[in-house]
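Note that the protein sequences, when read in sequence, are chains V and R. Residues in the first sequence are numbered consecutively from 1, following the numbering used here. Residues in the second sequence are numbered consecutively from 1, following the numbering used here.
Careful, some of the hints might be misleading.
Just a few of them, taken from the derived set where beta-carbon distance is under 7 Å, the chain V residues facing chain R [stated by the list, open to error]:
#1 ASN53
#2 GLY55
#3 ASP248
#4 ARG265
#5 THR267
#6 ALA268
Here are some of the chain V residues that sit facing chain R, going by a computed Cβ distance under 8 Å [claimed, not checked]:
#7 GLN54
#8 VAL230
#9 ALA242
#10 ARG243
#11 LEU249
#12 VAL250
#13 GLU251
#14 THR266
#15 ARG271
Computed Cβ-Cβ distance ranges for the label pairs, DEER-style [unchecked claim]:
#16 R:TRP138 - V:GLU450: 40 to 50 Å
#17 V:ARG42 - R:ASN219: 46 to 56 Å
#18 V:GLN292 - R:PRO285: 41 to 51 Å
#19 R:MET328 - V:GLU450: 45 to 55 Å
#20 R:THR162 - V:GLY476: 34 to 44 Å
#21 V:ASP86 - R:TRP138: 38 to 48 Å
#22 R:ARG283 - V:TYR124: 57 to 67 Å
#23 R:ASP155 - V:GLU220: 45 to 55 Å
#24 R:ASP155 - V:GLY476: 35 to 45 Å
#25 V:GLY260 - R:PRO285: 28 to 38 Å
#26 V:ALA197 - R:THR162: 36 to 46 Å
Hints listed in this document are in silico derivations from the structure and should not be mistaken for laboratory results. For every residue, glycine included, the Cβ atom is placed at its ideal position computed from N, Cα and C.
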Amino acid sequence: MFENYETGKVFDEMFAEPGDPRAHYAGVARSLSAMNADTFERRRRMADVLFRNQGITFTVYADKRGVEKIFPFDLVPRIIPADEWDFIEKGLVQRITALNLFCQDIYHEQRILKEKIIEPELIYGAKMFRREMFGVNVPRNIYIHICGTDLIRGSDGKYYVLEDNGRTPSGVSYVLENRAVMKRVFPSVFNEYRVRAIEDYPLNLLNTMRHVAPSHAAGEPTCVILTPGVFNSAYFEHTFLARQMGIDLVEGQDLVVDNGFVYMRTTAGLRRVDVIYRRLDDDFLDPLCFRQDSVLGVAGLMNAYRVGNVALVNAVGTGVADDKAIYPFVPDMIKFYLGQEPILLNVPTYICARPDEKKYVLENLDKLVVKSTNESGGYGMLMGHQSTKEEQAVFAEKINADPRDYIAQPVVELSQAPSFCDGQAVVSGDGTRKFEGRRVDLRPYILYGEKVIVMPGGLTRVALRRGSLVVNSSQGGGSKDTWVLEEEDES
Amino acid sequence: MTLMFQAGTPTPPALASADARPMLSRDADSMFWMARYVERAEHVARLLRVHGVLLTDVGDLTQDLEAQMWQTILTTFRSGELPEGDGPVGPRIARHMTFDLNTPNSISSCIARARENARAIRESISSEMWECLNAIYWSVQADDAQARFEDSPDDYFYGIMTSSMLFQGLSNQTMAHDQRWNFTQVAKYLERIDVTARVIDTRFEVLTKMEAESDQPINIHLMGVLRSCCSLETYRRLHLADLDADTVAQFLILQRDFPRSIRFCVDQARDALEQVRKSNGSRSPSAPERILGRLSSTLEYTDINEVLTGGLSTFLQQIQTTVAEASMALQKTYFLY
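Just chain V, same shape as in the assembly (with noise of 0.2 Å):
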């Protein structure tokens, strides 16, 4: 099945040589090799039926046929030696602290700005900057307490930060379902391997949220995660990291502010909430502080939280450290808060608000990837060298009227991994289906409360189009269970 596999240009995950597997991926490529094609699609459908029974599925939105979807699933694994992990590892949690401390400094003294190491500009033009916080101190001084930073590989195999999610990420419970899944579709060949556990993640996910507790609730806090509600596309997330962390899952309906505290509505009456796992947007938490028509959110919200009766997970406001234009600084963060040289590498970022930069990719349209810094999940980009020229003159006249929204960077070229997901593309001549490279990206899951713990492994999304950069779920994209090795013993 691995016959005439190509491995292109790119970084290839699982083959340094058409034919010549890395160390890591060696059992693998055996297991699947002695493996026929019909054996590798009936153990693909049988993943299908496990998704679809068990309701594993997104939402998307301007799709009319129906409103539920599987993720696809691709059964080759991704896999990560324990060196290359280390390394990650270290990087996050470099890179989560420093972002923390930026929020923590950004909505008080400000510090990084009076050393005009960022812009001022830049900061009060954030979409995502909440004047609202300026001056409360939040719980710990935690702002960002799970964040999701996107990975890829360049056609160099050295790593780079494409983007830090600290506002809500999603995606977590499709990783630990596709490892479950993974078990009992191929027991074997995930046998074969030391695969470091990720099943604990739901455990320190609640201690995360326990740990910023008023000390009114010391003991026993009650946790609950606020959803906007069945429709949205992560619901079935929520459901799941409520199910398996064995505490509510509250709409904005199921909750009251009264005196300055937050309750729920239960059948024996109102019942105090200590901790909440907000997977709603700032603007729509409390209709008295922000977006005044949310009928998601809770009015009051916001009082409670800045007097400290409740705490958010996470914090409010840190969208300002996510913004795509802020992004280019966390290299600078690091050192400015750390005095450390930064261990992982971000791509480089032109940043419209700046003129030169401005012209720079005007003149570059058709190079550059061009990024909304207010999108997100591959919605209002640019990829310029498959871009046509009427498509770059609208992002031109879009940059020109609001050049802080827009960002851009070179192409980066994903490094791929064999995928058997895709059933048009990959039937070769003969008939027969194989293997063939697909670009994937790597989202590991930082929870930032006693202690920073990195969830070993992490989503690994893939394109599924041939060719495709884009690997949102909402663009095509599939994934894959991702697998961090155990050291090997030196004995």
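Position chain R relative to chain V; hints supplied.
Below, chain R without anything else, positioned relative to chain V:
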């Protein structure tokens, strides 16, 4: 402006009793309707199945009587008029009550609503329950559902019935028998009382007419009523060859220890409500508990002859009204206060 961790603000008590964790009102509401719709889907499937077999058994009926027989299904599930279309009435009603999503009580509608409610409380029910319900949902939504139905309606209905029973069995065996579970029990039994009362009422009405107008063997029809309530075998064991309308009515309404009789269901629903109330630490009976408690005493001390003299239909309609009142009181007490 350091407002965090300020001392001096009095901390309100946690209010709920410590031993049992109260559930969200919205969750309780969804739990209730999930269980109720699953139970309803099972009744619809059973009635359609029994009807199909029964009408084959009894042979030729006048068109009028046959239409009336089928009409009882629509009446039982409050599903209004005969659906438009050509062809014999039976298959038309069967298709309508199986697939039509515009009919709130068709099998497909009930399953879809049960699943919507389950989805809203995905974290509160067991994975086994969810997977079971989800599998039924996808099977009635599947492209080949119509074909499977046309191939063998009997198999199709049987599949729905066993799925519902599997779901209820899983609820019993994979959930803690706490407040959540008790709400599913209340829902299940209230639904069963309501459907059973309507089945007896509508079918006995047609039976009376039939006795007067035709020479139809009434026994077969009484067996049909018992089968519709999943009660034939138990009835036979108890009453052997005595198959008459009064005994059937007595059995289905007043039998103390049979899970399909109205009296049994009323007692179970009341007990479940009592558990709910006790787990909230309250001593005096709640409003819905009182309503069902009164109904329970009536059933306990009623003689079937009194019922028959006073009018069976009136009695059954009173039961339905009482169930509706209990249902309303339940919502007011626990869901929508």
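Each hint, compared with the structure:
With its C-beta approaching chain R no nearer than about 5 Å, ASN53 of chain V sits inside the 7 Å limit, and its interface hint holds. Using the Cβ-Cβ criterion of 7 Å, the hint placing GLY55 of chain V at the interface with chain R is satisfied: the shortest such distance is roughly 5 Å. This hint holds: ASP248 of chain V has a C-beta 6 Å from the nearest C-beta of chain R, less than the 7 Å allowed. Interface hint at ARG265 of chain V: satisfied, since its Cβ lies 5 Å from the closest Cβ of chain R, which is below the 7 Å cut-off.
Checking THR267 of chain V against chain R: minimum C-beta separation of about 4 Å stays under 7 Å; hint holds. Checking ALA268 of chain V against chain R by beta carbon gives a least distance of about 4 Å; that is within 7 Å, so the hint holds. For GLN54 of chain V, the suggested interface contact is upheld, since its CB lies about 6 Å from the closest CB of chain R, less than 8 Å. Annotation: VAL230 of chain V was flagged as interfacial toward chain R, and the flag holds, the nearest CB pair being 5 Å apart, inside 8 Å.
Given hint, ALA242 of chain V at the interface with chain R, holds; its Cβ is 4 Å from that chain's nearest Cβ, closer than 8 Å. Checking ARG243 of chain V against chain R: minimum C-beta separation of about 4 Å stays under 8 Å; hint holds. The criterion of a C-beta within 8 Å of any C-beta in chain R is met by LEU249 of chain V, whose closest approach is roughly 5 Å, and the hint holds. Because the closest C-beta pair between VAL250 of chain V and chain R is about 6 Å apart, less than 8 Å, the hint holds.
For the restraint placing GLU251 of chain V at the interface with chain R, the shortest Cβ-Cβ distance is roughly 7 Å, inside the 8 Å limit, so the hint holds. Interface restraint check: THR266 of chain V against chain R, minimum CB-CB distance 4 Å, threshold 8 Å, status holds. Taking 8 Å as the C-beta cut-off, the interface hint given for ARG271 of chain V holds, the closest approach to chain R being about 5 Å. TRP138 of chain R and GLU450 of chain V have their C-beta atoms about 43 Å apart, which keeps the hinted 40 to 50 Å range intact.
Our hint of 46 to 56 Å for ARG42 of chain V and ASN219 of chain R holds, since their Cβ atoms are close to 53 Å apart. Between GLN292 of chain V and PRO285 of chain R the C-beta distance comes to about 44 Å, which sits within the given range of 41 to 51 Å. In this structure the hint that MET328 of chain R and GLU450 of chain V lie 45 to 55 Å apart at CB holds, the actual value being about 49 Å. The given range of 34 to 44 Å is respected by THR162 of chain R and GLY476 of chain V, whose C-beta atoms sit roughly 39 Å from each other.
Between ASP86 of chain V and TRP138 of chain R the Cβ separation comes to about 43 Å, which falls inside the hinted range of 38 to 48 Å. In this structure the supplied range 57 to 67 Å holds for ARG283 of chain R paired with TYR124 of chain V, their Cβ-Cβ distance being about 59 Å. Look at ASP155 of chain R against GLU220 of chain V: about 52 Å separates their beta carbons, and that is inside 45 to 55 Å. In this structure the supplied range 35 to 45 Å holds for ASP155 of chain R paired with GLY476 of chain V, their Cβ-Cβ distance being about 38 Å.
Checking the proposed 28 to 38 Å range against GLY260 of chain V and PRO285 of chain R shows it holds: the Cβ atoms sit about 36 Å from each other. For ALA197 of chain V and THR162 of chain R, the hinted distance range of 36 to 46 Å is satisfied, since their beta carbons lie about 38 Å from each other.
The structure shown violates none of the earlier numbered hints.
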